[in-house]
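Keeping their order, the protein sequence lines are chains A and B. Under the working numbering, think of the first position of the first sequence as 1, with each following residue one higher. Under the working numbering, think of the first position of the second sequence as 257, with each following residue one higher.
Simulated from the structure, these hints should not be mistaken for laboratory data. Be aware that one or more of the hints could be misleading.
[What the hints assert, rightly or not] DSSO-like, lysine-lysine: derived pairs with alpha carbons at most 30 Å apart:
#  : chain 1 : residue 1 : chain 2 : residue 2
1  : B       : K538      : B       : K484
2  : A       : K142      : B       : K484
3  : A       : K183      : A       : K12
4  : A       : K202      : A       : K142
5  : B       : K541      : A       : K113
6  : A       : K182      : B       : K364
7  : A       : K198      : B       : K364
8  : B       : K541      : A       : K76
9  : A       : K76       : B       : K538
10 : B       : K429      : A       : K182
11 : A       : K198      : A       : K214
12 : A       : K198      : A       : K235
13 : B       : K291      : B       : K484
[Claimed, not checked] Stretch-level coverage of chain B by chain A, calculated; a stretch enters the list once three of its residues show a Cβ under 8 Å from a Cβ in chain A:
#  : segment
14 : 274-283
15 : 434-440
16 : 534-545
17 : 553-562
[Stated by the list, open to error] Below, a sample of chain B positions facing chain A; criterion: calculated Cβ distance under 10 Å:
#  : residue
18 : P288
19 : Y325
20 : T649
As the structure is a prediction and not an experimental result, all values here were calculated from the model. C-beta: ideal position from N, C-alpha, C; glycine also.
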Amino acid sequence: MNRLDTLFNSKKKNLLSIFTTAGYPQLSDTLLVVKALQDSGVDFIEVGIPFSDPLADGPIIQESSTVALENGMTLKLLLSQIVEIRKEVALPILLMGYINPVLQYGIENLAKKCSEVGVDGIIIPDLPMREFLEDYQSIFAKYDIKNIFLVTPQTSEERIRFIDEHSSSFIYLVSSSSTTGKKVGIEGAEAYLSRIQKMNLKSPTMVGFNISNKESFESATRFADGAIIGSAFVKAIAGQADVALAAKNFVRAIRA
Amino acid sequence: MNEAAGHSKFSVNERGFYGNYGGAYIPEMLYPNVKELEDNYLRIIGSESFQKEFRSLLKDYVGRPSPLYYAKRLSEKYETKIYLKREDLNHTGAHKINNTVGQILLAKELGKTRIIAETGAGQHGVATATVCALMGLECVVYMGAIDVVRQEPNVKRMLMLGATVIPAESGSKTLKDATNEAIRDWINNPVDTHYIIGSVVGPHPYPDLVARLQSVISEEILWQMMEKEGRDYPDAIIACVGGGSNAAGAFYHYLDNPKVELIAIEAAGLGVDTGETAATTKIGKPGVIHSSKTLLMQTEDGQIVEPYSISAGLDYPGIGPIHAHLFESGRGVFEAVTDEEAMQAGFEFCRLEGIIPAIETAHALAYLKKRKFGADQVVVINLSGRGDKDLATYIKWFEKQ
C-alpha cells in the first residue's frame, strides 16, 4: 500500500512534513537530512528536485536550488540517492519539482522509477489540473504514485471541489498567495483555512507556505491535518557542518 | 483583428496550443489571474469601445500607420526589392508599444491598478512605463542586472517616466530572469496587478493576446503592399526573433498565405555551436519555460541554459510557442545570425539608408548576406526598432575592430 495512504488512514492530527532541497547544502546531505528528520518524528518528507528557474519559490529555496545544481544534483542522481535512503527510512517520501526536468526525464519513466525506488507521491506546482487530467493522470495512477495539487486563498469553491474530486491524496493548502517563504507566519489566513475546513473535503489537507515555527505550525494544524515547512527548514540547515543535528534541533523546536 | 486569421491553422486552439506548443503550465497561485484573462481577453479586445480607443491611440499617440518604405540603396546593393516596415518610427522607438497600448486598455477594463513588466533591451519596459504614465497607473519593471548596465539609456527613460526599475539578480541576470521575477511579483500580488508580458511568450492566453495586438503590423502591410506593388503580399517577410513578438505581428495576416515565405532570424551569439548563443531552434528541445510548452535551450537534465547574444532583446533561451509551431511545421524558415554578422549589417545599413537600427533588428538585416533573392522579388524586412539605445554597444564594438 502507498505509504501516504497508510499514514493518512492511521493518523489525522498535527502531521508535520518537512521540505528539503536534494543535494543541499552538500551533495550527499540528502540522506543525512532525511534520516535525521525521520529520527526526529517528522511524519513525511518532501524532497525538492532543484531547478534553474523555480518560479514559485522565494529567495531561500531559489538559493538552495542554485547550490544543489552547482553541487551536481540531478533528478537521476536523486532517484539513486532515494534507493540508499529507503534502506533506512520508512516514512512516506514525496518529490517536489518543476515540470521541465520531469518532462526531460520522461513522465512514464519517472512514475515507474518512483515506484521502484519507493517514492510515494509527487508535487509538480506548474502542472495544472487540466493538463494533468488529460495527459498524465493514468500514467501516475498505473504506478500508484500520488499527485498532490495546491489550493490558494484565491481558489474558488467550485475549483476546490474539482481539485478535491480528482486528488488521490492530500490537498496542499497554500497559506497565502505568495512565493515560498515570503513572510513569517500565517496571520490573516484563518478565515480562508476555516472556510476550507467547513467544506468537509474528502481529501486530507496540509497547510504550507510561511509556516516557520511552533506557533505558526500550531495555528495551521487547527484547521488541517497537518502542516508543511520548507523555507524555514532550508534556512536552518544552510551552511551547517552538522546538518543532522541542525535538522533535529529544528524539528524539536516545532514539536516542543 | 482579421476574422479569417482567427481561424488559421496557425492560431491557438481552445486549450491554448499551437500544434504541440503552448498551454498554461502555471502554479495554482496564478490560476485566477490567468483564468480571468483567458475568459475576458477576446471579448474585451473585440469590443467596439476597446477597438475605438486602441485604434485612436495607435494613430495619434503611437503615430501609426508606420510607413512601408522602399529602401532603394539597400535594394540596389542586394539586387532585389526591399521594403522596410518602419516600426522604429513608432513612439518610444520600437514595435513594443503596439502591445502595451492594447494591454493597458485591457488592464483598465479589468479594473487593475498596478502594472508589472519584464524587459530585456528595455524597449518593452519603456513602452510599458510610457502607457502607465499616459493612464496614470503604477508601474514596476523587472530588468536583468546585466541588461540594466548594457541598456542604461532605457533605464533612465523608464525612471523619467515614473516607473520603478528592479534589477533581477537571479540566474543569468538577463531577460529570462527578469521574466521569472515578474512572474513571482504577480504571484505575490494576485488581485490588483496586471502583468504586461512583452512578447508572444508566457502562459496562454498571452502568446495569442500579444500576437493579436501586434498584428496591426501585417494588417498595414496588406494595404501598403497593395498601394505600392498592386498586390497585397510580398514574397518574403524577414523579422528577428527573441521571444518573437515583432515577427508574430509581421507574419500574422500571412500565416495562411503560402506565397509568402516567413523568415525568422535568431541570435547565434558567438556561433550556434559555441555554447554562447541564443539560437533556440538550432539547439533547443521541447520543454516548458515561463509556463508555456515550447522549444528551449536546456541541459539533458532539463535545466534551462543561460543564453548569450550581444542583443539584449534576443538574449532569451526560448521562443514563443507560435514560432516553435511554425518551425516544426515547416511554415517558417528559421536562421541564425552571429553578433559579428549583425553588427556589420547594422553598420552597413546606417551608411546605406541613414537609419541606425536596433541591434535586434540588425540580425534580420544580416540575413540579406546569406540569401540571394530574385531581382523581381519583393522582400519586407520588419524594422522592429531604432538603435539609439545601442549606441554605446555599437561604438565599443567598432573601436575594437
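Determine which of the earlier numbered hints do not hold for this structure and return their numbers in increasing order. 1, 2, 7, 12, 13, 19 and 20
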